[in-house]
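Chemist: Each chain, written out:
Number of protein chains: 2
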Amino acid sequence: MTKDISNKAIVLVSGGLDSATCLALAIAQGYEVYAISFDYGQRSSSELDAAKRVVSQLGAKEHRVIDLNIGQLGGSALTDSAMHIPEAESDGIPATYVPARNTVFLSFALAWAEVLDAEAIYIGVNALDYSGYPDCRPEYIAAFQNLVKLATKAGVEGKVIRVETPLIDLSKGEIIKTGMRLGVDYSITVSCYQADDRGKACGHCDSCRLRKQGFVDAGELDPGCYQ
Amino acid sequence: MTKDISNKAIVLVSGGLDSATCLALAIAQGYEVYAISFDYGQRSSSELDAAKRVVSQLGAKEHRVIDLNIGQLGGSALTDSAMHIPEAESDGIPATYVPARNTVFLSFALAWAEVLDAEAIYIGVNALDYSGYPDCRPEYIAAFQNLVKLATKAGVEGKVIRVETPLIDLSKGEIIKTGMRLGVDYSITVSCYQADDRGKACGHCDSCRLRKQGFVDAGELDPGCYQ
Chain A
1 MTKDISNKAI VLVSGGLDSA TCLALAIAQG YEVYAISFDY GQRSSSELDA
51 AKRVVSQLGA KEHRVIDLNI GQLGGSALTD SAMHIPEAES DGIPATYVPA
101 RNTVFLSFAL AWAEVLDAEA IYIGVNALDY SGYPDCRPEY IAAFQNLVKL
151 ATKAGVEGKV IRVETPLIDL SKGEIIKTGM RLGVDYSITV SCYQADDRGK
201 ACGHCDSCRL RKQGFVDAGE LDPGCYQ
Chain B
228 MTKDISNKAI VLVSGGLDSA TCLALAIAQG YEVYAISFDY GQRSSSELDA
278 AKRVVSQLGA KEHRVIDLNI GQLGGSALTD SAMHIPEAES DGIPATYVPA
328 RNTVFLSFAL AWAEVLDAEA IYIGVNALDY SGYPDCRPEY IAAFQNLVKL
378 ATKAGVEGKV IRVETPLIDL SKGEIIKTGM RLGVDYSITV SCYQADDRGK
428 ACGHCDSCRL RKQGFVDAGE LDPGCYQ
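Protein chains in written order, with this note's numbering: chain A, 1 to 227; chain B, 228 to 454.
Treat the hints with care, as some may be off.
Computed cross-link-like contacts, BS3-like style, restricted to lysine-lysine with a CA-CA straight-line distance of at most 27 Å [what the hints assert, rightly or not]:
no.	chain 1	residue 1	chain 2	residue 2
1	A	LYS8	A	LYS159
2	B	LYS235	A	LYS149
3	B	LYS279	A	LYS149
4	A	LYS177	A	LYS153
5	B	LYS404	B	LYS376
6	B	LYS439	B	LYS279
7	B	LYS439	B	LYS288
8	A	LYS153	B	LYS376
These are computed hints drawn from the structure, not numbers from a lab. All of these numbers come straight from a predicted model, not from anything done at the bench.
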């Protein structure tokens, strides 16, 4: 590796199983990893506790938890306790969609990547077993990658900060198998949209259903805690 | 105007003369205006005081000031008091560049636009008399507009949130003339990168120099206060 190539990567870590797997993959690629999480007024604060556990167990050079006020802008069942979290699968984009969430998250990751001279940003989006969010699709990621080239000092100087989405084409079952191979301990992750303060999952929301089916498909036992 | 077309617009307001003019233009277009400003750890807190004065004088349905922690990520003379603010014009991108700033700002504006069902986001970027920031260029704005279509629930449903940059091709002198026509009071704006607590400008930084030359070109007196 030549001197002018950084081997740092930013990894977005939510505390769920996808981002834990993504972190393990970035580490396995040999990156010096900088983890970033967001306190955006999500209902479930146990998600952030899980993010801290995951980063601490898998290891990272640094972990920043950024306080955001995106929740105060409203518009999502994930941040607004007056809105109902749907349990049945919905047509179209569900009430748990947080407006422009990944764009806000990736923007912060991009800012930090520029400051650190990192060469990649890892985000655990997944286009198969997801909740129908527009900002998890490959075409969205491609548009953000295009923006990165034009938005940054690094881009103007010809350096590319790559947006890496290693889970994008995997099923939940494949993600779980990958993580198990890399030694991810899924018992410390929290996937639920409305986990209680101790991190116990509801077992019924869209995210819980996708997780449970994933473990079934992977032929593994789900070590998560349910209420 | 049909019922399903919203006539709300988000306007990014920094407290400088460009964004004040941009706000006046959005109001002149008949929009119900929602102003958004960011406390991102900028050295000069008088910038935010100016933003509040500008919004209060020109009028907006609502004004949100979002606390961001982008400054804590470092990397810019505008947020890091250990870095020197350059006074001479520099080649390339200057030290006052804040990594990914406009991307972070526009992401928040986009989130609020989705929540409010707004049809436009106004940002006062300018490609002529600017400081060489990559995220002020037309190609950057085009890339963000493309992202908007893919990032949002609105976009998936076929609604376009337009990113409006009415100042992009204007010189600083033309911006000032436009604002004067619309009754903008430039005495309450602060353009300086290092204004003091009372909003008095240094008169020497890149931003002050562009402002002073703009008033000369417009044939108007600069009503700003200098130290």
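Chemist: Look at each hint and say if it fits the structure.
Modeler: Here is what the structure says about each hint:
1. A/LYS8 to A/LYS159: 14 Å, holds
2. B/LYS235 to A/LYS149: 31 Å, violated
3. B/LYS279 to A/LYS149: 33 Å, violated
4. A/LYS177 to A/LYS153: 39 Å, violated
5. B/LYS404 to B/LYS376: 34 Å, violated
6. B/LYS439 to B/LYS279: Distance of about 23 Å is within 27 Å: holds.
7. B/LYS439 to B/LYS288: Answer violated: B/LYS439 to B/LYS288 is near 32 Å, above 27 Å.
8. A/LYS153 to B/LYS376: 25 Å, holds
Hint check: violations occur at hints 2, 3, 4, 5 and 7; the rest are consistent with the structure.
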